[in-house]
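A.B. asks: These protein sequence lines are chains A and B, in that order. Numbering of the first sequence is given in my numbering, commencing with residue 107 and proceeding in unit increments. Numbering of the second sequence is given in my numbering, commencing with residue 1138 and proceeding in unit increments.
Warning: the hint list may mix true and false statements.
As the list claims (entries may be wrong) - Counterexamples of contact, computed for chain A against chain B with all Cβ distances above 12 angstroms: (1) 267; (2) 359; (3) 505; (4) 544; (5) 599.
Said to hold, decoys possible - So, partial list: chain B residues that the calculated Cβ filter (under 8 angstroms) puts toward chain A: (6) 1178; (7) 1179; (8) 1183; (9) 1184; (10) 1205; (11) 1208; (12) 1209; (13) 1210; (14) 1212; (15) 1225; (16) 1229.
As the list claims (entries may be wrong) - Coverage of chain A stretches by chain B, computed from C-beta distances (three or more under 8 angstroms per stretch; other residues unrestricted): (17) 191-200; (18) 244-256.
Just so you know, these hints were derived from the structure itself, not from any lab. We put the CB at the ideal spot given by N, CA and C, even for glycine.
If you want the building blocks of each chain, they are given just below.
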Amino acid sequence: MTDPKMTGASRKVRTLLIGLDGATFDVLDPLMQSGAMPFLRSFFAEGVRADLRTIVPALTPPAWTSLVTGRKPGQHGVFDFFRMESAESRHIRFFTSHDVHCETIWSIASDHDLRVTSLNYPGMFPAPRINGTVVPGWVPWKQLRLACWPQDLFDRLKTISGFNPRELAMDIKLEEKATEGCSDHEEYAPWIQMHIRREQNWFEIFRHLSAEDPAELTAVLFDGVDKLQHLCWRFIRPEDATPLQEEWELQIRELCIEYFRSLDKIIERMCATVGPETTVLLASDHGFGPTYKVFHINAWLEQKGYLSWSDAARSQAPNGALLGVGQVARHTWMLDWSKTKAYGATPTSNGIFIPVNRDGQSPGVSPEEYESFRERLIADLRAVRDPETGQPVVTGLWTREEAFEGPQGSVAPDITLAFADGGLVGILPSPHTISRRPVTGGAHRPVGIFGARGPGIRRGAQPHEMSILDVAPIVLHSLGLPVLAEMQGSVPAELYEPDAMRAHPVAKAAFSVNGKAVKNGTAPEQVMSSPVMSSEDEQIVMERLRELGYIE
Amino acid sequence: MPKGCREGPPPRWYKHGDHEGGYSVKPTREEIQTYVLATLQELCQDWDYSRPVGPGSLLFTELGLESLDAVVLGTTIQEHFQQPLPFAELLSDIGREQRDLSIMELVDFVDLHLNRVALEARPAGRVQ
């Protein structure tokens, strides 16, 4: 390995980490075999290919955070898109970079005076002040200026031809569409085309920064793979669903393949940009598969007497949402807290929270009865059968201690579930506890992909299944940096040619951190005065706030 | 506590906010208003929003913020002043009351929690 410290004109990309959110060989293999992704086929043939098992839950924020920290969620502190304000709180908020409680590949490389470029990775807002550039993922486009690091980066990006922040950053309505479905088949084509342009947009930023400000560690995340697979699984893998018959369905399938064809070209151009001396790593945060049904967790909890809806929830007309992806935070007013002892707060984590009455005055389960209560709830969950098949609905179940052992686990769900088809729970009131999706969708699976190519990487190797926790150690090793002894993954020796491993054995080092604890906010002491609003204005406000469920 | 992890944010490599090291003196209400207004005025240029932005401008109906925009704006303000603020509860309150939020009110809220609320008195989100 060369000296990790390099400055000025001598700097070049040493490690390129390409994230493909939700990528699975179940989708990529047929595309590579059919000729739609010829570069990816050669990439794996010339390097390493392996299955990559993710953490529990198989969900974007905790999984990518595990990938860049080499730690499980109980240590790094990210469990979902949202997070309880505290262990005793019922208020949830969107997760931020402050919730990442471990060193990351970004911070470690930066601390070793290496430059870092991180594009579109979650958990990067507010952007850490690293030695390099950050465009965080999961930030709405209107705020992208505030999210970029350094502070002049946004204005620099605006000079790139075709730069379009509207299509670059996150739109929660589009996220909702991916998991709730399209209401009209005419929505599919422009939605897929937007994702094709979006990935191109990220590539142009990568190319610009690689030329203007090359960074030894450069990483780009393409998340359209996840989005398309959620919404378009039946078009991408029609063998898992009703056969495609209509002309428009076949056109949508062709457009999906065009997305992957375009992505293949982007990856090829990225590899050409960095050159053969750069180690290129490909990884996904989880896999994917078909999903057919929804388990309405809160409806089931109500049926079993664990949960009670508030009058407001009962009086509200159904809004057609299947899961309630845009409805999180509603539990704060939808539940009758005096009669609720277990609830699902978000549809994304498949988690159940058990409020605990620690002060003797709050609603919930007493600390003394917590264990037995949770055991009873677990037994009830394991007993749920699909009325159509007679098979268990819950196929994976973890207590907080099992899934989230570590110093951050106290704000994680008390119980985390997995289902046979990898589906998500619905959190809204429902007349049914299990319902069939109108059309087959895509859902996360625990096994994603890993690939590597570059100096010292063994050609054609297919190691046994790796862990997502191995990726951070591999990134550090490829940069010539020691692997933190506390990381929960390792560098598999079979990735490298024996001579390369002998010449550059994996170095390990402890890493001390002097972080300080910060209390997390205070409750408001008074209600703000209300401006006078027209009914039309109220309607707009309601619409805007409904997206995150902050309204009745 | 495993090595390399910490009990609470921020990690040592974080240097958030324009005022690294934090505010040694609490900001005045005028400083808060100046910062919030300047931030929103700068953002509005990216949105091609051409009307004047002032203390009375409403975040949702006039400036067109989406819910997640408000969340991100709140996080940015916390970053700048390096102080956690109960924005989740603010959004919950205004949602429940089905009303908008003016820049003036947002400034009042920040001022209230930066300068007037005893932070230790009521930890955020306690079940009542």
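A.B. asks: Now tell me if each hint is right for this structure.
C.D. replies: Structure-based check of each hint:
no.: 1; hint: 267; verdict: holds (18 angstroms)
no.: 2; hint: 359; verdict: holds (32 angstroms)
no.: 3; hint: 505; verdict: holds (20 angstroms)
no.: 4; hint: 544; verdict: holds (26 angstroms)
no.: 5; hint: 599; verdict: holds (23 angstroms)
no.: 6; hint: 1178; verdict: violated (12 angstroms)
no.: 7; hint: 1179; verdict: holds (7 angstroms)
no.: 8; hint: 1183; verdict: holds (6 angstroms)
no.: 9; hint: 1184; verdict: holds (6 angstroms)
no.: 10; hint: 1205; verdict: holds (5 angstroms)
no.: 11; hint: 1208; verdict: holds (5 angstroms)
no.: 12; hint: 1209; verdict: holds (4 angstroms)
no.: 13; hint: 1210; verdict: holds (7 angstroms)
no.: 14; hint: 1212; verdict: holds (6 angstroms)
no.: 15; hint: 1225; verdict: holds (4 angstroms)
no.: 16; hint: 1229; verdict: holds (6 angstroms)
no.: 17; hint: 191-200; verdict: holds (count 9)
no.: 18; hint: 244-256; verdict: holds (count 8)
Of the numbered hints given earlier, the model fails hint 6 alone.
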